[in-house]
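**Q** Given the sequences, and given the hints that come with them, work out the whole structure.
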Amino acid sequence: MGYTDTLGADTDEDDDESLDLDFESDSDVVDDLDDQSFSPDCGSDVNDSSDTSSFGNDVTRSTFLEYDSKMDNFNPSSGDGTYDSDGIPKLQYNCLTTDQIYGLMVARLDRIQPIFQLSHGDIIVMLQKYAWSEERLLEDWTEDQENVLIACGLKVEKVLDGPRGIQTHSDFLCHICCESNKQKTFRLECGHEYCVECYEHYIKDKVPEGKIITCMSCSLALKNSDIDDILGDSSSLTLMKSSIKGFIQKHSKHYRWCPFVDCNCIIQISNISSLAEFPRLHLSPYVVCENQHRFCFKCGLEVHAPGDCHVAEQWVKLAQLECANLNWVLKNTKECPKCGVNIEKNGGCNHMTCQSCGYQFCWICEQCWTGHGGGFYECTHFKKDDKQGSADTKNSLRKYTFYYKLFSEHENSVKLDWTLGLTVEQKVKALQENMGISWIETQFLSESIRALIDGRTVLKWSFPVAYYADPSHNLTKIFVDNQALLVSAVEDLSKLLQIKEPQNIIDKKLEFYNRARFVQTRGKALAGCGRDLLCKGICVPFK
Amino acid sequence: MSRAKRVMKELQGIKDDPEAKVDLQLVNENDIHLLKGSFLGPPGTPYQNGKFVVDIEVPMEYPFKPPKMKFDTKVYHPNVSSVTGAICLDILKNAWSPVITLKSALISLQALLQSPEPNDPQDAEVAQHYIRDRESFNNTAALWTKMYAPMNSDSDSQQIVDQASLYGIDSGLVNQFVSQGFTEEKIVEVLRRLGIKSMDSNDNETANKILEELLR
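So the sequences go chain by chain: Z and X.
Mapping to our numbering: the first sequence position 245 is 245, numbers consecutive.
Just so we're on the same page, our numbering is the position in the second sequence counted from 1, plus 1000.
For the record, the hints were derived by calculation from the structure and aren't laboratory data.
The model shown is predicted, which means the values in this text are computed figures rather than measured ones.
Check before you lean on any hint, since a few could be wrong.
Heads up, simulated DSS-like pairs for lysine-lysine below, C-alpha to C-alpha not over 25 Å straight-line [stated by the list, open to error]:
#1 X:K1074 x Z:K206
#2 Z:K182 x X:K1009
#3 X:K1093 x Z:K250
#4 Z:K184 x X:K1005
#5 Z:K206 x X:K1093
#6 X:K1093 x X:K1074
#7 X:K1074 x X:K1009
#8 X:K1065 x Z:K241
#9 X:K1065 x Z:K211
#10 Z:K204 x X:K1015
#11 Z:K182 x X:K1065
#12 X:K1068 x Z:K211
#13 X:K1103 x X:K1065
#14 X:K1005 x Z:K206
#15 Z:K204 x X:K1074
Computed far set for chain Z versus chain X, every beta-carbon distance over 10 Å [as the list claims (entries may be wrong)]:
#16 I88
#17 W141
#18 K158
#19 Q167
#20 I176
#21 M216
#22 S217
#23 D233
#24 L301
#25 S438
#26 R450
#27 P502
Beta carbons are placed, not taken as given, at the ideal position from N, Cα and C, and that holds for glycine.
**A** Written out as structure tokens, the structure is:
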């Protein structure tokens, strides 16, 4: 799917009360995001025909080529229009963190300060109260300044003129903890004074809520500088972050958290109107965060091509329904088909060799490996078992189990590949140190691992599509064949990435490139084919 | 430990102010985290002449976290569960502030009895009753006060009150179905579930609905 990173994009067309962040003025952010998209520049092209030739069928073959030729247009194109050459709407988005969003909010303070004639601290409190919506704040402000100030806790009805901030006493009795002999206290102009320890406790409890923190006794607001005075340097930043989090939740149309574990990126879509076009095209608005996590902006799942959001949603629902009895059994171990010893797959490709009897078999179909090697995997075909002729329900459960098994196998493999990705980083380091190879020249390894993970993810999500697709249709057959090709491409690449000796890796650099590139092309072909199934109504997710 | 000091001081404060007509006692002399509070029903309401007892649990983080309070006395009120005594009051949840004391919280409960908030109900059935027929609600609430919250426990409060009037249900309506062979207990249960207190004798649609539920 094509997209562009249009930084410095004009966000003016945003509707409702979206935040109009001015990126043109913030070059830091732009620099950070500049190299978001990656499109590996591969050394040479892979000859597809040798692989597709294993099918005698001419129709099948020509369709493959059609998909392949389409693929060339799938790369991010450089046009400025709202659609790319395939008529796919372009998403314009930015990747931010809560810190950055807060930074941008603060950067705008100077601009609006002349309107209010108040200090930055006061304006921040007001913005916090108005959920960072300048428009609503200004609207109310022009109507009734006094009311806004009171509502935000910047003023109380009676005139106050006490000292504000941390005070020192020789013997103070705090009414919260009822301890005497307190020396350090805090008070606002309202005169409600309590010991600093109680205030610390009170503020720490309130910070995660992200709301304005007031005096314990009345509605007068504590400003960020007060919070910093009580809790120590820049503690108020945590409160601001919580407040921004609330803001993002409120504006979930424009913002979405990266769903990956421990990733703090937030994607902000600027041309939100184009989002509406994706479902019609059976596409999903995929975005990439700064940490290279790709996910669907609409449903928050990882990339689920070739399935669209509807397929993914139905599949996840179904999986939740069925998982209780299936998950555990399928996920953990398998018995060696020959000697029956329990085997746990802890990484690598699906070509298994039993440690105890030496039997070679395919992890997925548990059949002998002979017959798998030739670049064509029989085992992703679901063979209808006509012999039994049993009830439909039983068959549909078997069908589901079959596809769910495949889905979860590849899900596990993706997880293992993430760990493999970490070891690859070590390999890269080793290459740099031992062989004296520059960093840029070792990038083919991390690109390969990315291609592998992306390929596996496409594969994984192709099974729900296959599950919902009409099996008798010719295009479904083509889809299944495309699946098989991707499986073989992915397994080949996976095998290659198991190589440990540095010299060997360097020698096979070209092969790495080719295989990675091949996985990418096959992945895109499969995604395109799956989309066709959806567009033509051959794959209809049912309940 | 500030919690113990504060609770002891609050207990003393209540003893020193008998005018407030609020009582607070430790359940167990050695344990400051369980207390029982009580106050009188506000005059001019169906709760007047009643004494309401509240179970109080003081959490470790008190006074930075609110105390847990629930009515020990059964109360017929939209914001109090008629079954568990759970209370729906903002200051006992997110609007809590460390300056609020157990005494002021009890006084707030008293004020809650005075002015119910039926749009934010704890007990939906009672709230419906309050909104639909205030007079009937007042009668039921007064009956509950007399039944469950008597000032002097030896008064004539222990009289047996029939199920129907306890929930403000028209006894004629109950009798109509009793004559059809259903038990009173079952009829009251169904009518409560449907939120029906009384019925026009010509309203066949409602009568059928009740009958349908009874036969289920």
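**Q** Indicate, hint by hint, whether the structure satisfies it.
**A** Each hint, compared with the structure:
Taking the CA atoms of K1074 (chain X) and K206 (chain Z), the gap is near 34 Å; set against the 25 Å cutoff, the hint is violated. Distance restraint check for K182 (chain Z) and K1009 (chain X): the Cα-Cα separation of roughly 17 Å lies within the 25 Å cut-off, and the hinted pair is therefore satisfied. This hinted pair checks out: K1093 (chain X) and K250 (chain Z) have alpha carbons roughly 23 Å apart, not beyond 25 Å. A distance of roughly 19 Å separates the Cα atoms of K184 (chain Z) and K1005 (chain X); the hinted pair therefore holds under the 25 Å criterion.
For the proposed pair K206 (chain Z) and K1093 (chain X), the alpha carbon gap of about 13 Å is at most 25 Å, so the pair holds. A distance of roughly 21 Å separates the Cα atoms of K1093 (chain X) and K1074 (chain X); the hinted pair therefore holds under the 25 Å criterion. Simply put, K1074 (chain X) and K1009 (chain X) have alpha-carbon atoms about 29 Å apart, too far for the 25 Å limit, and the pair is violated. Proposed proximity of K1065 (chain X) and K241 (chain Z) is supported: the alpha carbons are some 23 Å apart, at most 25 Å.
Taking the CA atoms of K1065 (chain X) and K211 (chain Z), the gap is about 17 Å. The hint holds against a cut of 25 Å. Distance check on the hinted pair: K204 (chain Z) and K1015 (chain X) sit about 33 Å apart at the alpha-carbon level, beyond 25 Å; violated. Taken as a hint, the K182 (chain Z) and K1065 (chain X) pair is honoured in the structure, with Cα atoms around 22 Å apart against an allowance of 25 Å. Note on K1068 (chain X) and K211 (chain Z): the hinted pairing holds, with a Cα-Cα distance of about 23 Å set against a maximum of 25 Å.
For the proposed pair K1103 (chain X) and K1065 (chain X), the alpha carbon gap of about 16 Å is at most 25 Å, so the pair holds. For the proposed pair K1005 (chain X) and K206 (chain Z), the alpha carbon gap of about 23 Å is at most 25 Å, so the pair holds. Using a Cα cut-off of 25 Å, the hinted pair K204 (chain Z) and K1074 (chain X) is violated, with the two alpha carbons roughly 37 Å apart. Against the 10 Å criterion, I88 (chain Z) stays outside the reach of chain X, whose nearest CB is about 46 Å from its own CB.
With 10 Å as the threshold on Cβ separation, the claim that W141 (chain Z) sits away from chain X holds: the shortest Cβ distance comes to roughly 26 Å. Look at K158 (chain Z): its CB is around 18 Å from the nearest CB on chain X, clear of 10 Å, so calling it non-interface holds up. Look at Q167 (chain Z): its CB is around 18 Å from the nearest CB on chain X, clear of 10 Å, so calling it non-interface holds up. With a minimum CB-CB distance of about 5 Å to chain X, I176 (chain Z) fails to clear the 10 Å threshold, and the non-interface call is violated.
Once the 10 Å rule is applied to beta carbons, M216 (chain Z) is inconsistent with being away from chain X; the minimum gap is 5 Å. Separation of S217 (chain Z) from chain X is inadequate, the least Cβ-Cβ distance of about 5 Å not exceeding the 10 Å criterion. Consistency note on D233 (chain Z): stated as away from chain X, and its beta-carbon is indeed over 10 Å from all of that chain's, at 23 Å minimum. For L301 (chain Z), the condition that its CB be more than 10 Å from all CB atoms of chain X holds, with the nearest at approximately 33 Å.
With a closest Cβ-Cβ approach of about 57 Å to chain X, S438 (chain Z) is found to remain outside the 10 Å limit, as its non-interface label requires. Separation of R450 (chain Z) from chain X is adequate, the least Cβ-Cβ distance of about 45 Å exceeding the 10 Å criterion. Look at P502 (chain Z): its CB is around 57 Å from the nearest CB on chain X, clear of 10 Å, so calling it non-interface holds up.
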